[in-house]
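A.B. asks: Sequence:
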Amino acid sequence: MPSFPWLSLAIWLPIISGALLLVNGARVCASIARRCALTGSILSFCVTLPLIFGFDAGTSALQFSEQLAWIERFNIHYHLGIDGISLWFVILTALITVIVVMATRENVIDRIAQYLAAFLILSGLMIGVFSAQDGLLFYIFFEATLIPMYLIIGIWGGQRRVYAAFKFFLYTLLGSLLMLLALLYLYTQSGSFALAAWQQLPLPMLPQLLLFGAFFMAFAVKVPMWPLHTWLPDAHVEAPTGGSVVLAAIMLKLGAYGFLRFSLPIVPDASRLLAPFVIALSLIAVIYIGLVALAQSDMKKLVAYSSIAHMGFVTLGFFLFEPLAIEGALVQMISHGFVSGAMFLCIGVLYDRMHSRQIADYGGVVNVMPKFAALSLLFSMANCGLPGTSGFVGEWMVILAAVHFNFWIGAAAAFTLILSAAYTLWMVKRVQFGAIANPRVAQLTDLDQREWGVLLVFAAGVLLIGLYPKPLTDAMHVSVSNLLAHALQSKLP
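When we follow the numbering used here, the leftmost residue of the sequence shown carries the number 1, and every step to the right adds one.
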């Protein structure tokens with residue numbers, strides 16, 4: 001008996017809600033548009049909750065699976081399913097969408113119905129990426145996410161929004177076209193687009209290397225890894241606050257997730273052969289980008305570079321081929337969703353009041369916004385990897401595994417904790433503490449009820465994961481072990 005289609009509901013409910021809002025947006029006022037979007041996003045989040053309560057952590061098999069023939073002539077199926085690796089990203093995506101809709105201020109955003117509709121549609125597409133078990137279906141969802149984010153940046157962004165949107169679109173599209181060629185090659189070899197069939201397909205080393213290169217370009221740009229990262233700071237700086245939150249909290253994870261679904265299990269021999277190359281790029285990201293962050297004067301740019309450095313931990317963990325490292329990298333991805341999303345939201349709170357993101361324009365904020373300063377300090381400490389916060393757990397797991405793999409790699413990875421503390425605390429000191437030097441800062445008002453509630457949700461996530469990460473690691477452990485079994489097994493004919 002087929003299971004209830006919870007995943008289809010999680011994907012299509014926000015997409016349909018967004019489409020209806022888009023069509024009728026011109027006929028409704030801003031407050032009604034926001035209430036409609038909030039209702040759609042909360043319902044979409046609610047339909048993901050049965051995935052948690054009904055999930056069996058003791059098996060690596062696909063759960064909540066749905067499969068329908070889509071294009072039978074080419075053996076293409078509408079095939080959805082999740083395991084312990086993808087479960088928490090589906091939940092996180094739906095939750096972040098609710099938070100973004102709640103945080104949106106009607107008096108700040110023009111054409112708010114269309115703006116919120118873009119986020120709802122984007123949410124469904126991203127859940128589709130995390131749920132797809134058919135290669136072509138994955139590719140369609142993966143590429144379709146570019147459209148709403150391109151519009152969010154290009155229409156509602158800052159002064160250089162068109163430049164940033166084009167740069168974001170072109171960078172990510174180029175890599176994805178190479179992935180399409182790789183998917184077509186795998187189809188010609190297997191006669192199917194099923195990911196499970198591709199994981200069993202024997203491949204000589206040369207095709208594996210070429211496929212790895214195509215996958216790497218698609219996913220490394222999305223993470224983004226150094227030196228393919230240059231689109232991200234521009235996109236973050238020009239994007240509206242909600243766009244930055246979703247981009248950092250979810251969209252960067254799509255590329256990292258792709259490594260786990262394609263590179264490691266489908267081309268394992270090439271992945272192991274080129275692991276030192278990926279590890280080297282990851283270490284450059286966590287160290288060099290950390291130094292670049294120290295030189296930033298724009299708060300958004302600093303947090304954007306911080307995101308690149310923290311995602312370097314993720315790719316480092318994946319290519320150590322150890323269970324502790326991969327689980328740590330996955331926890332880091334989820335933690336980064338809360339921490340970076342919260343930090344961009346805090347910057348948005350200040351920007352709404354001061355219309356400036358320059359660190360030099362602030363100082364002494366704690367004197368007039370104590371509630372804001374307290375929560376902002378918590379998120380900053382999590383960004384530094386303070387024990388007791390979510391930022392510590394994943395990084396510590398990856399560092400432990402890296403030391404076991406190679407002491408010097410672990411030492412280099414640990415060095416980034418010093419850098420992240422340096423640039424984060426430097427920003428906190430300049431913005432939050434000291435005397436009030438700018439008369440505009442003296443006129444700031446503390447968090448209103450909406451902002452306070454939204455930031456408390458992020459704070460709860462940061463503390464819960466930091467103090468008790470066991471539910472995350474328990475759910476993913478068996479699936480990670482199964483993934484490693486594929487990744488450590490040769491597929492050479």
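No lab work stands behind these hints, which were simulated from the structure alone. Hints may contain errors.
Stated by the list, open to error - Lysine to any residue pairs mimicking SDA-like chemistry, simulated, CA-CA at most 20 Å apart:
hint, residue 1, residue 2
1, 371, 417
2, 301, 169
3, 371, 444
4, 429, 417
5, 470, 58
6, 491, 301
7, 301, 371
8, 301, 353
9, 491, 58
10, 301, 237
11, 167, 363
12, 167, 183
13, 301, 200
A.B. asks: Please go over all the hints and tell whether each is borne out by the structure.
C.D. replies: These are the hints, each one checked on the structure:
1. 371 - 417: Violated, because 27 Å separates the two Cα atoms, which is more than 20 Å.
2. 301 - 169: holds, 19 Å
3. 371 - 444: Satisfied, since the Cα-Cα distance of roughly 12 Å is no more than 20 Å.
4. 429 - 417: holds, 18 Å
5. 470 - 58: holds, 14 Å
6. 491 - 301: Given that 20 Å is the threshold and the Cα spacing comes to 43 Å, the pair is violated.
7. 301 - 371: violated, 24 Å
8. 301 - 353: holds, 19 Å
9. 491 - 58: The given pair, whose Cα atoms are some 27 Å apart, is violated under the 20 Å limit.
10. 301 - 237: Status holds; Cα separation ~6 Å.
11. 167 - 363: It is violated: about 33 Å lies between the C-alpha atoms, which goes past 20 Å.
12. 167 - 183: Cα-Cα ~25 Å, so violated.
13. 301 - 200: Given pair residue 301, residue 200 is violated - Cα atoms ~43 Å apart, limit 20 Å.
Of the numbered hints given earlier, the model fails hints 1, 6, 7, 9, 11, 12, 13; all others are met.
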